[in-house]
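**Student:** Chain residues, written in single-letter form:
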Amino acid sequence: MVVLGIETSCDETAAAVVEDGRSVLSSVVYSQVPLHQPYGGVVPEIASRSHVEKIGGVVREALREAFAPGGGVADTELAPGVWDRVDAVAVTYGPGLASSLIVGLSAAKGLALSLGKPLIGINHIEAHVHSVFLTPGAPDPRETGPLLALVVSGGHSCWIDVPEPGTYRIIGQTLDDAAGEAFDKAAKLLGLGYPGGPVIDRVARQAARRDAVAFPTGSPRTGNRGLGGLRAELCVSFSGLKTSLMYHLRDQPPQDEGQVAEIVAAYQEAIVGALAGRCERALRGGRYRALAVGGGVSLNRRLRERLAQVASGAGVRLLLAEPRFCGDNAAMIAGLAGMGGGVRGEAALRLDVVPALEAGE
Amino acid sequence: MAGQVTTTYTARSVEETWQVAGEVARLLKPGTVIALHGDLGSGKTTFVQGLGFALGLRRPVTSPTFTLSTEYQTPAFKLVHMDLYRLSGPDDLLTIGYPEYLETGAVVAVEWPERAGDLIPPDAIHVRFSLAAEPETRVIAVSAEG
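Going down the list, the sequences are from chains A and B. Under my numbering, the first sequence has 214 at position 214, and the numbering climbs by one with no breaks. Under my numbering, the second sequence has 143 at position 143, and the numbering climbs by one with no breaks.
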């Protein structure tokens, strides 16, 4: 089954063609980061307008790359018959920014209806879990066994129990800021620019030590109150960390680049330690065969080191997404749809965007 | 603001911030706007978490920065948590459903309310957060109709 995937949940306009859920024929991502950089975060109105401008070209580019590689870049027309090779159109319907999601969903509905192909609505978080299976050499998701998944990005930080493909239950999450958001906010407080994740990863590596500042460990400060079905010991809170950084900068402003690097390294260590520590706890008991980690923050090199230690200590396989599939992309959307996931049939055509959609919902 | 009474609290911990939120929760009626003023890290999201808890919500209230607005159904009202930090102006507020929330009787807690201009109604409850000199201590000033 060949699926055309479309993803516009936040600030990347993406389209991809994936065969049978795992074989990526093309993956095109237009990143809007430079458009939002002056504002220090994603501006919804700018994002939405840019999706509208780019979506047509990005979809054509994905089809051309998949079915006519080597064609001229300036070629805006598709070869005849290209559309016939697509069996279904998959699209993210949540979570994300409503005004961004609506662009991709409308485009996908229009394409599906006009082509007479099925539409498949995909949950963005569940697709991030699937992103680890797009790597050549990754195991087949149907043969991997029960998974613990961590999805960690600018908008999300959650731990998901995946007993079998297609079944998702959130068991822990951040109670306030997502890890990527905590990086962005720290970078802002330190004047390091936006987005925060890559610059913090880079600056932290220049530090002489990682323990120059004792930041809070990211444990929830509100006990078990108001958590519903989540396990408190698998939840994190990063807002105290941000406050603590603010006090530190006020009371002991760094005197040189070396001190900035040490503060950054200690801050990153607190976040990475909180993420890795929850994985370690969740893996106790031996229920899981693998730890799957997706989302933009999973590119963080210190996090990758720590997760490798945790997985090896727990005797489970660590499954990481390829760098190009860590950030938002449409290959994971088309891939999950090709594995049989998502909202299908008539229900898909009735879908509306769900900005606060959760995994397993 | 004329006709408003300001009460100032000192909160030394998350629990105490939640207690202040509990006091504010008793003032709410359908359609109330709570304008939350204060810098990054001054305790605004913690306050809304306490508000949700006081209203009977039993799921986490997370930062609304990513989606700009998050809805929670509490036993009494729909609670909407908005972060206007990245909006370019009041017009943007119209596109994220703000008027509809007020018309349908939701309670709307707004971070960075200055971005909303005069879309914040005159009878809104204003909560101002500032950091005290002592660690983890915040001064929370609540202004509401007397």
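Source of the hints: derived by calculation from the structure; they are not laboratory data. Don't take each hint at face value.
[To be verified] Far from chain A, by Cβ distances over 10 Å, these chain B residues were calculated:
| # | residue |
| --- | --- |
| 1 | E71 |
| 2 | T104 |
| 3 | D123 |
| 4 | H126 |
[Claimed, not checked] Partner residues are not named here, just some residues of chain A that face chain B (Cβ under 8 Å, in silico):
| # | residue |
| --- | --- |
| 5 | L35 |
| 6 | P38 |
| 7 | V42 |
| 8 | P95 |
| 9 | G96 |
| 10 | L189 |
| 11 | L190 |
| 12 | G193 |
| 13 | R225 |
| 14 | L227 |
| 15 | R231 |
| 16 | A232 |
| 17 | E233 |
All of these numbers come straight from a predicted model, not from anything done at the bench. In this text, a Cβ means the ideal position worked out from N, Cα and C, and glycines have one as well.
**Student:** Take the hints in turn and mark each one as holding or not.
**Tutor:** To see whether the hints hold, each was checked on the structure:
1. E71: violated (7 Å)
2. T104: holds (17 Å)
3. D123: At roughly 28 Å from the nearest Cβ of chain A, B/D123 sits farther out than 10 Å, so the non-interface label holds.
4. H126: holds (22 Å)
5. L35: violated (12 Å)
6. P38: violated (11 Å)
7. V42: holds (7 Å)
8. P95: holds (7 Å)
9. G96: holds (7 Å)
10. L189: The hint holds - A/L189 has a Cβ within 8 Å of chain B, the shortest such distance being about 7 Å.
11. L190: With a minimum Cβ separation of about 12 Å from chain B (threshold 8 Å), the hint on A/L190 is violated.
12. G193: violated (16 Å)
13. R225: With a closest approach of 6 Å, the A/R225 hint holds.
14. L227: holds (6 Å)
15. R231: violated (12 Å)
16. A232: violated (10 Å)
17. E233: Violated, because the Cβ-Cβ distance from A/E233 to chain B comes to roughly 14 Å (cut-off 8 Å).
Hint check: violations occur at hints 1, 5, 6, 11, 12, 15, 16, 17; the rest are consistent with the structure.
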